[in-house]
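Participant: The chain contents come next:
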Amino acid sequence: EDKVVQSPLSLVVHEGDTVTLNCSYEVTNFRSLLWYKQEKKAPTFLFMLTSSGIEKKSGRLSSILDKKELFSILNITATQTGDSAVYLCAVLLFYQGAQKLVFGQGTRLTINP
Amino acid sequence: DGGITQSPKYLFRKEGQNVTLSCEQNLNHDAMYWYRQDPGQGLRLIYYSQIVNDFQKGDIAEGYSVSREKKESFPLTVTSAQKNPTAFYLCASSNGQARDWRGYTFGSGTRLTVV
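Just so you know, the sequences run in chain order U and X. Letter 10 of the first sequence, counting from 1, is numbered 561 in my numbering, and no numbers are missing. Letter 85 of the second sequence, counting from 1, is numbered 72 in my numbering, and no numbers are missing.
Same shape as in the complex, but just chain X (with noise of 0.2 Å):
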């Protein structure tokens, strides 16, 4: 079955550690996106790639680097300079020409708990 799969499901980190999550897909999705989920805000932009070697920043990039090498992979480091990092990561996919688009696929996510 086709989908997104997101790992580590829980990851824990010491303060001034980077840490890589891993997102892949098997959709042949063109457009990748990682979203940040806090309790009370919904959900933000991190960063987002419409095709291969090829992203952009969105709302809230500062602290975050990706990399797309392959279209099937949209890996997410979360650095040092993210000062509040704990949080509920979100990736997904999108195949936008579809004609019966339907919006974002997910991953089942990644729960970062700085310790």
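Here chain U stands alone, though its shape is the one from the complex (with noise of 0.2 Å):
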């Protein structure tokens, strides 16, 4: 069973801080990994890694990928209060043909001013 695994499920922290939220999985026709934030309501789309040890680099996010240990990390330096959101890891795989996101269970970060 395809599954994608990720820590801390919650995480509260202060305005300023640096936060590291982990996806951890295990999946067969692994394609790439993808990262997205959710608010309110419709996730947005912030990374898609397919390849090991390069980061991907926006702003004060970022995330790298290692394909040997199977699991991924995103960074958040000097977080604000407009970082909160959920966060949600995705293994893009085919499966039977098709092109499939498996998620995890996200991550809820709060950041209090």
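By construction, these hints were calculated from the structure, which means they are not laboratory data. For glycine and all other residues, C-beta sits at the position ideal for the given N, C-alpha and C.
Taking lysine-lysine and the DSS-like style, the derived pairs with C-alpha atoms no more than 30 Å apart in a straight line are:
# : chain 1 : residue 1 : chain 2 : residue 2
1 : U       : K588      : X       : K(-4)
2 : X       : K44       : U       : K591
3 : U       : K554      : U       : K607
From the structure, some residues in chain X lie toward chain U, with a derived Cβ separation under 7 Å:
#  : residue
4  : G27
5  : Q28
6  : G29
7  : L30
8  : Q37
9  : G83
10 : R89
11 : G90
12 : F93
13 : S95
Two chains, two frames, some hints: make the complex.
Facilitator: Structural data, given as structure tokens:
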């Protein structure tokens, strides 16, 4: 069974702190790993990682994938209250000729001023 | 602007009733997906469709049904056989062949509550 596990499930920090969110996976036919941010309703795309060891960066957010150890981390530095959201990790795989995203449980991040 | 529209945003259903959630996209995407989101459980795949007139069960298809008669539309029916239908439902679409593919495009969701 394909499985994606995120940790922690919930995290509360103060504005300005740095946070690291974790995502591990056990899947067949791995293609890529994606991170999404979900504030109220529709998840919005953050990163897609396909190759090991190559950091993707966007402003204060960065992410890296380790395909040998089967995990990824999402770092957020100098956190702001606007970073409060649920962060979803998802693995793209091919299943019976179709493309499919398998999601983790999400990490609920709360940034206190 | 292209996007996915889900309606209604909020839906209340009495036990034993079937309800249909609408999902329409004007992105010309071939693939469409329905996910269910419960607190602490992330998104779980209900059904997906790669082309018109074809769809497959996801991980939690029991108690749900779909149709894909048009490329733009992928409605989800929650039947009375679904034992715990209260949840947030997300529709998504994808053009997996795009060179700059950035994952699925999601709708804004429908929150279904059984009363």
